[in-house]
Amino acid sequence: MSASLEKGVRVLKEVIDAPIASYFSSCVHCGLCAEACLFYTETGDPKYTPIHKLEPMRRLYEQEYTLLGRLKKMVGLSKPVTDAELGEWQELVYNSCTLCGRCSAVCPVGNDIVYMVRKFREGMSASGNAPDGIKGAANRTITIGSPMGVKLPAVKAQMKHVEEDYGIPIPLDAEGAEYMVMLSSMEIINFPEYLGAIAKIMKQAGKTWTLCSTAFEATNAGMQIGNADLARVIVSRIVEGAEKLKVKTVISPECGHAYTALRWEGANLVGRPFTFEVKHIIEVLGEFQEQGLLKTEGFETDRLTFHDPCQLARRGGVIEPQRKLMKMVAQNFVEMPDAGYMNWCCGGGGGASAIEEGEELRLEAFKVKKSQLDAVRPDRLVTACANCRIVLEEGLEHYQMDIPVIGLTEMIAEHIPDQTKSEGA
Amino acid sequence: MNEMQFLTWVRGDGLDYAVGIFLLGVIWRLIEIYSLGRKKDISASRSVAGASGWHTIFRRSLPPEGMVKKSPVSYIGGYTFHIGLFIVVFLFAPHIMLFQSLFGLSWPALPSQFIDLAAVVTMAAMVVVLVDRINKPVKRYLSTFGDWFTWTVTFLPVLTGWMAVQHLLLPYTTMLALHILSVEILLVVLPFTKLFHAFTLFGSRWYNGTVNGHKGVAV
Ligand code: SF4
Ligand code: SF4
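Just so you know, the sequences run in chain order A and B. First residue of the first sequence? That's 0 in numbering that gives the first Met the number 0, and the numbers climb one at a time after it. First residue of the second sequence? That's 0 in numbering that gives the first Met the number 0, and the numbers climb one at a time after it.
To be clear, the hints were calculated from the coordinates, so they are not data collected in a lab. Quick caveat: nothing in here was measured; it's all calculated off a predicted structure. Some clues are possibly wrong.
[As the list claims (entries may be wrong)] Pairs of lysine to aspartate or glutamate, EDC-like flavour, derived with a Cα cap of 20 Å:
1. B:Lys38 / A:Glu413
2. B:Lys193 / A:Glu63
3. A:Lys72 / B:Glu31
4. B:Lys38 / A:Asp228
5. B:Lys39 / A:Glu276
6. A:Lys71 / B:Glu31
7. B:Lys38 / A:Asp16
8. B:Lys69 / A:Asp44
9. A:Lys278 / B:Asp40
10. B:Lys193 / A:Glu61
11. A:Lys294 / A:Glu393
12. A:Lys46 / B:Asp146
13. B:Lys68 / A:Asp337
14. A:Lys46 / B:Asp131
15. A:Lys72 / A:Glu61
16. B:Lys39 / A:Glu413
17. A:Lys78 / B:Asp146
18. B:Lys69 / A:Glu239
[As the list claims (entries may be wrong)] Some chain A residues flagged as far from chain B (calculated, every beta-carbon gap over 12 Å):
19. Pro79
20. Ile143
21. Lys155
22. Met158
23. Lys159
24. Glu192
25. Val232
26. Lys323
27. Glu355
28. Lys369
29. Met400
Backbone N, C-alpha and C fix where the C-beta goes; we use that ideal spot for every residue, glycine too.
Produce the entire structure from the sequences given, and follow the hints as far as they go.
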């Protein structure tokens, strides 16, 4: 057994817990999880059946943690997990799984399959079987500070631009601010309007907020490859920044996995509860809306629909606020089939969008989004995740569908009257 | 051994062994699985009505929206044979008498013609899901020896029981003995095969419901 395989096996043995044992013991091979997975439904290839993506881990579980499996192993009747096999599984565990969680929502015996994929990735990463694309992103986050190689000067340059364009100062390292706003590289590079939108919204709401010079990047590729050590380093930066600035709430940007990494995995990674709250920007906007702190004027009149990012809705429990926000500024808001809790993934979550080799499959899987869109024929598509946005744009372009994609936060900000006097601050 | 001796053995020692292995097996497997424990989730929870382990235990008994249409045979066939098995195992008068002699508890039975019908429907549904397993690419792909084996050991008790009652093929005594033997085989293998989902599905649903309920998601 190679040293890396040994490490992978050791990590897998550590992550196998009672839920995983229960899930493997419960599976009746009914195949219903396949019907929920876009990689199966759009390709018809049974190897993309969610539970099959865990086969090496299942065998290891059986061989190490069950009486019968141990007996079989002793008499040489079981097939050991090999390097080659894990290598082969890379495609199944990463390229063809976006951690969207639809499978976990339908399994009749109740298996939380995506929970297992997330854990399996720990072993895959430890054994050196994570895809280069996400590995690179994780390493850049550790060494440079962001997965796309964005450094503080780039952020500062963007702050300056926004300050000039909007005439609103962008606070940096303001101690005692109520909110610390995080960004994703994608926003810094591709969607600079996000920062301007935040500035307008915060000003209208009369809230204090700040960016943090040592923690502006919210995405966590360490979590996506399944390397808890890297994930911890990345989350720790944010925790330290938030504690140093003594903020009450850290706002996760329009990025699904950043939210999961910080909101649900963060405290578990650093090993202690946070001293601050973590909210997705959509949750914050929802609260402002409820408290009457968000006042918009005018409406979008074209036909709009909303793509629920998996990590925000099904995996994060935020389903209603985005709909109320949509209705606030859109006259003609239509829902796609399966919208909300069971919305279909864009195909690029969980780090999948960073995997070059996975592009063809990703575009194939996008057919499900295409058919959802074809059912309602919107003029524009709104979402709340910069990664979804890029993946959606790629897919739409590939299928020659002329549907612009926009971020909900920006759309809301566009309806905030420019001359609003800040209230309360 | 003649048929009378055979029947005596399956009713006596055979049954004792089978029930013994079944009980020890169930306890062993439950400990083996659930003693692995899990780490406490220390992220701040979000509570939402209907999002909990208990809710999921019940909710998952019903098909999620749109799923019946995607896999009608799995759902209709699956419900039919599970309910059918429940009826023939627990609501057939001779079975209730056995339970009474074992645990001292009894309950009303269904008329035997109805049990007859239930047995036939159960077997038909089982054959349908078997054919579906052979025909559907995903199911065939997932299937291992265990799937064919567990189907067989579940089917045989229903078949032999029904044949015994109908006096088909073999003398009643022999068929009855075979019926009891097949049940014993089922009991012995249940804890060590996928049939154990009869126990673990509650734990699985509970974990899924709890882990996601922590995030305010009603799965
Ligand atoms: S839906 Fe659940 S029980 Fe059926 S094959 Fe998938 S994991 Fe197994
Ligand atoms: S989490 Fe989503 S992509 Fe991954 S196996 Fe499940 S349904 Fe498929």
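How the hints compare with the structure:
Pair hint Lys38 (chain B) plus Glu413 (chain A) does not hold up; C-alpha atoms about 44 Å apart against a cutoff of 20 Å. Distance check on the hinted pair: Lys193 (chain B) and Glu63 (chain A) sit about 18 Å apart at the alpha-carbon level, within 20 Å; holds. A C-alpha spacing of about 17 Å is found between Lys72 (chain A) and Glu31 (chain B), which places the hinted pair at or below 20 Å, so the restraint holds. At roughly 17 Å between alpha-carbon atoms, Lys38 (chain B) and Asp228 (chain A) fall within 20 Å of each other, so this suggested pair holds.
With a C-alpha separation of about 19 Å, the suggested pairing of Lys39 (chain B) with Glu276 (chain A) holds against the 20 Å cut-off. At most 20 Å may separate the alpha-carbon atoms for a hinted pair to count; Lys71 (chain A) and Glu31 (chain B) meet this at roughly 16 Å. Note on Lys38 (chain B) and Asp16 (chain A): the hinted pairing holds, with a Cα-Cα distance of about 8 Å set against a maximum of 20 Å. The hinted pair formed by Lys69 (chain B) and Asp44 (chain A) meets the criterion: a straight-line CA distance of about 16 Å does not exceed 20 Å.
Pair hint Lys278 (chain A) plus Asp40 (chain B) holds up; C-alpha atoms about 18 Å apart against a cutoff of 20 Å. Taken as a hint, the Lys193 (chain B) and Glu61 (chain A) pair is honoured in the structure, with Cα atoms around 12 Å apart against an allowance of 20 Å. For the given pair, Lys294 (chain A) sits about 33 Å from Glu393 (chain A) by alpha-carbon distance, which is inconsistent with the 20 Å threshold. As the CA atoms of Lys46 (chain A) and Asp146 (chain B) are separated by approximately 18 Å, the hinted pair is consistent with the 20 Å bound.
Distance hint between Lys68 (chain B) and Asp337 (chain A) is fulfilled; the C-alpha atoms sit about 14 Å from each other, no more than 20 Å. As the CA atoms of Lys46 (chain A) and Asp131 (chain B) are separated by approximately 18 Å, the hinted pair is consistent with the 20 Å bound. Using a Cα cut-off of 20 Å, the hinted pair Lys72 (chain A) and Glu61 (chain A) holds, with the two alpha carbons roughly 9 Å apart. At most 20 Å may separate the alpha-carbon atoms for a hinted pair to count; Lys39 (chain B) and Glu413 (chain A) exceed this at roughly 43 Å.
Distance hint between Lys78 (chain A) and Asp146 (chain B) is fulfilled; the C-alpha atoms sit about 18 Å from each other, no more than 20 Å. Between Lys69 (chain B) and Glu239 (chain A), the direct Cα distance comes to roughly 48 Å. Violation of the 20 Å bound is thereby established for this hinted pair. Under the 12 Å C-beta cut-off, the non-interface status given to Pro79 (chain A) relative to chain B holds; the minimum distance is some 17 Å. At roughly 27 Å, the least C-beta separation between Ile143 (chain A) and chain B is larger than 12 Å, which holds for a residue marked as non-interface.
With a minimum CB-CB distance of about 32 Å to chain B, Lys155 (chain A) clears the 12 Å threshold, and the non-interface call stands. Against chain B, the non-interface label of Met158 (chain A) holds: every CB pair exceeds 12 Å, the least being about 30 Å. With a least CB separation of 35 Å from chain B, Lys159 (chain A) remains clear of the 12 Å interface cut-off, as annotated. The Cβ of Glu192 (chain A) lies farther than 12 Å from every Cβ of chain B, with a closest approach of about 29 Å, so its non-interface assignment holds.
No beta-carbon of chain B comes within 12 Å of the beta-carbon of Val232 (chain A); the shortest separation is about 18 Å. At the 12 Å boundary, the C-beta of Lys323 (chain A) stays outside the reach of chain B, the nearest C-beta of that chain being 16 Å off. Listed as outside the interface, Glu355 (chain A) is consistent with that label: its C-beta sits roughly 28 Å from the nearest C-beta of chain B, beyond the 12 Å cut-off. Lys369 (chain A), annotated as away from the interface, keeps every beta carbon of chain B farther than 12 Å; the closest lies near 18 Å.
The Cβ of Met400 (chain A) lies farther than 12 Å from every Cβ of chain B, with a closest approach of about 24 Å, so its non-interface assignment holds.
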